[in-house]
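Starting from the known structure of chain A, fit chain B onto it as the hints suggest.
There are 2 protein chains.
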Amino acid sequence: MFPATTYTARRKQLATDVQSGLIFLPGNAEAPMNYAGNTYPFRQDSNFRYFAGHNIPDLALTIDAASGASRLWGDDISLNHVVWMGEQPSVAELAARIGAERGGSLAELSTVLKTYAKEVKFLPPYRADRKTYLKEHLATLFPTGMGENAGANKGLIRAVINQRSIKSSEELEQMSIAVRTSMDMHAAAKTHAAPGQLEHEVAGLIEGMAIAGGGRLAYAAIVTKNGQILHNHYHGNTLQKGDLLLIDAGAEATSGYAGDITRTFAIGQPLTTKQEEIYRIVDRAKRESIAAARPGVKNRTLHDNAGRTIFSGLKDLGLTKGNPDEAVAAGAHALFMPHGLGHMIGLDVHDMEDLGEDLVGYDENTRRSTQFGTSSLRLGRELEKGFAITVEPGIYFIPALIDQWKADKICADFINFDKLKAYYDFGGIRLEDDIAITASGSRLL
Amino acid sequence: MFPATTYTARRKQLATDVQSGLIFLPGNAEAPMNYAGNTYPFRQDSNFRYFAGHNIPDLALTIDAASGASRLWGDDISLNHVVWMGEQPSVAELAARIGAERGGSLAELSTVLKTYAKEVKFLPPYRADRKTYLKEHLATLFPTGMGENAGANKGLIRAVINQRSIKSSEELEQMSIAVRTSMDMHAAAKTHAAPGQLEHEVAGLIEGMAIAGGGRLAYAAIVTKNGQILHNHYHGNTLQKGDLLLIDAGAEATSGYAGDITRTFAIGQPLTTKQEEIYRIVDRAKRESIAAARPGVKNRTLHDNAGRTIFSGLKDLGLTKGNPDEAVAAGAHALFMPHGLGHMIGLDVHDMEDLGEDLVGYDENTRRSTQFGTSSLRLGRELEKGFAITVEPGIYFIPALIDQWKADKICADFINFDKLKAYYDFGGIRLEDDIAITASGSRLL
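Taken in sequence, the protein lines are chains A and B. For the first sequence, my numbering assigns the number 7 to the initial residue and increments by one for each residue that follows. For the second sequence, my numbering assigns the number 7 to the initial residue and increments by one for each residue that follows.
In isolation and in its complexed conformation, chain A is listed as follows (with noise of 0.2 Å):
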């Protein structure tokens, strides 16, 4: 956790931009998994854990923003559960250490916010259980049900954007930590990856490096010899003598903070030249896309740009033909790259993602693309100081896509299907970095 003082001043820029109403931020309660009291590892809302620090369930924030008075409500845990739970700090002591006050019991809560109804503003909720008590204590809110984002707080979503889009040093900081032990995963994997092993191997040699980090990961890995199948999670096949092994893996630190790093290699040898032709040109599209990152450059130019290298690439390599500009404005480079450059992250992997990817990463003078590829690039808006994002392009060659573009001609002009059937079990390239923007450029996390 950060010091008292850095919530207190979060709390309060937060209340001077929403102005009225009363602020609801719940934190999140336990998981179940199989039943209800076997939970999934607790993850803190990373909205909650923003303006509140603690990582403990069952607790909830309010800011009457027009008074800027901040209240912890939860329950303090009795003899019986000390017996299960140990020793555990009172709410009152939990308030005080984010210069908060207490505001009372979750029961009295309930209370409060059915009183308040509509002055209540909070954010979009994303879990279920989380949705069916906003719907039983805020009724008056939902006239039309509980669709996306329904009854959520615009302008309550805006400030909040706007306070974390921008990174402090400190939580930069938390970010490198959570850089390094992914580093560390990725750097460990390479050296214990060997032929016979199973995916999951690798996975759990990962998995475990993070959790003995002190965090956990931030996101389910991808480790896979499948690169082409872009969020491929089974981990079942036996690595060979010459697969490229596709790892996409972050840690999330003690402190809530993630790491999102990618990395591809050949299990047991170097590259075959095959396989280093097509690194080399994901290999620059990631580099030009870090040397091109500044203040007010469109991330969605990057995207664009490290689509043009790609496309130019491989088509030194004869896999593609024409103009390049062309081509990209076409859309053609996205057969191979079909996702997004990047996307901000910070306590959240796709940082945020839970209050809207366009109000997130776009804005009045960036809309979102409807081209296929493009149209899932998270972040298109200009990069401003403080931001921290990924820069994770990558080549795919996916058969069920290149035979549905050859059958439909799509991008006809642009692609020498014929030899791409040489690549049909290449499996995929990508390759990702953290960074954050400076004032005068990028440097990686």
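Keep in mind that the hints are not guaranteed to be accurate.
Because identical chains share one entry, a pair is satisfied inside a single copy or across any pair of copies.
[What the hints assert, rightly or not] Below, in silico cross-link-like pairs of lysine-lysine (DSSO-like), each with a Cα-Cα straight-line distance of 30 Å or less: (1) Lys-412 / Lys-124; (2) Lys-391 / Lys-231; (3) Lys-124 / Lys-141; (4) Lys-196 / Lys-247; (5) Lys-280 / Lys-137; (6) Lys-137 / Lys-120; (7) Lys-231 / Lys-412; (8) Lys-391 / Lys-160.
Hints were generated in silico from the structure; no laboratory data involved. Because the structure is a prediction, the values reported are computed rather than measured.
The following block gives chain B in isolation, referenced to the frame of chain A:
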């Protein structure tokens, strides 16, 4: 997965037992962690897995109890999803693998459920998203709201408990795999744990091994030098030479079956005489319990016997006094072992806890005790051939509890409170094995 015939036979038995209505067994969905798209590792619902096998989210099984017709419901994925998720078997293929018919899409299931609402029979939901789903689809079954087990069908609960309580040889084999991985985890922890390490370094080693084995942990590991805190998931302490380290951790096999093993050892040196004296009592209680476990014996009897062994052992050390039978009847042993001797284990570490602890662990011949400590015993009833259970006696010195009993003169005739002062910093020792009840006794899994 087991062969299709296993699931067909299980469903046939269930339909026979339940006789009428539409049995509705929804599989689990993904569970959001810090936003909707960042989910916890998927954990299938154990009842769904028992009757439908598949470890895939967003499926549902229905069984027409009268006709026995089984249908698997789910949505096939689109090409766009193939890019992200890879080729997936169709729902029709998944249905065939478990000897069921394809039902239809989830939207179609939704309509069917609403139409047949009053004839739909389901089990108690434990996840909030499932509660919401049931409430929306089967509102007529919840005239008085969604309280504990509201709306769930008692006959179905009984029938499922009856089947799942008796483990087949193929199930016991899977549990042995889970126990073997769990034993490897404990062996590695004992080899690896050393003075200067943090608890979470050992926790990472253990959890990584569970994942490397192809499954995950069956429950959040306890890795603590404060074993007297029974459900202690804080792993931030530094291990020092001579500290007792209590590790309660079990792997879940790829098939979903759980192991649940506890070991306690000293860091960097053998147990001290004082530690060994306590260890031997716990070990004796464990060995005696396993030796006495057989069909027809009540687990409550084993629990009471273990309490007597613990009380008598501590009496030999001068920490307790008086007649052991009277002491156990008064509940004096619970000052040292405030939990139960064990519970059923299977697809859940506390097997079928979602169906109701008392329905699983007690019956008309064995009612749950209301006495502190013994009231926490999850399994009291007569053991039967095919039961799989844990045996986990422990002795803990819990200062807050000792102080309370002393102040309130609880069991003052049986406890030498003054002698306990020398044990305030002792911690706790628990030893736990998993056994299967055989025709004439039991065997270690």
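Hint numbers contradicted by this structure:
1, 2, 5
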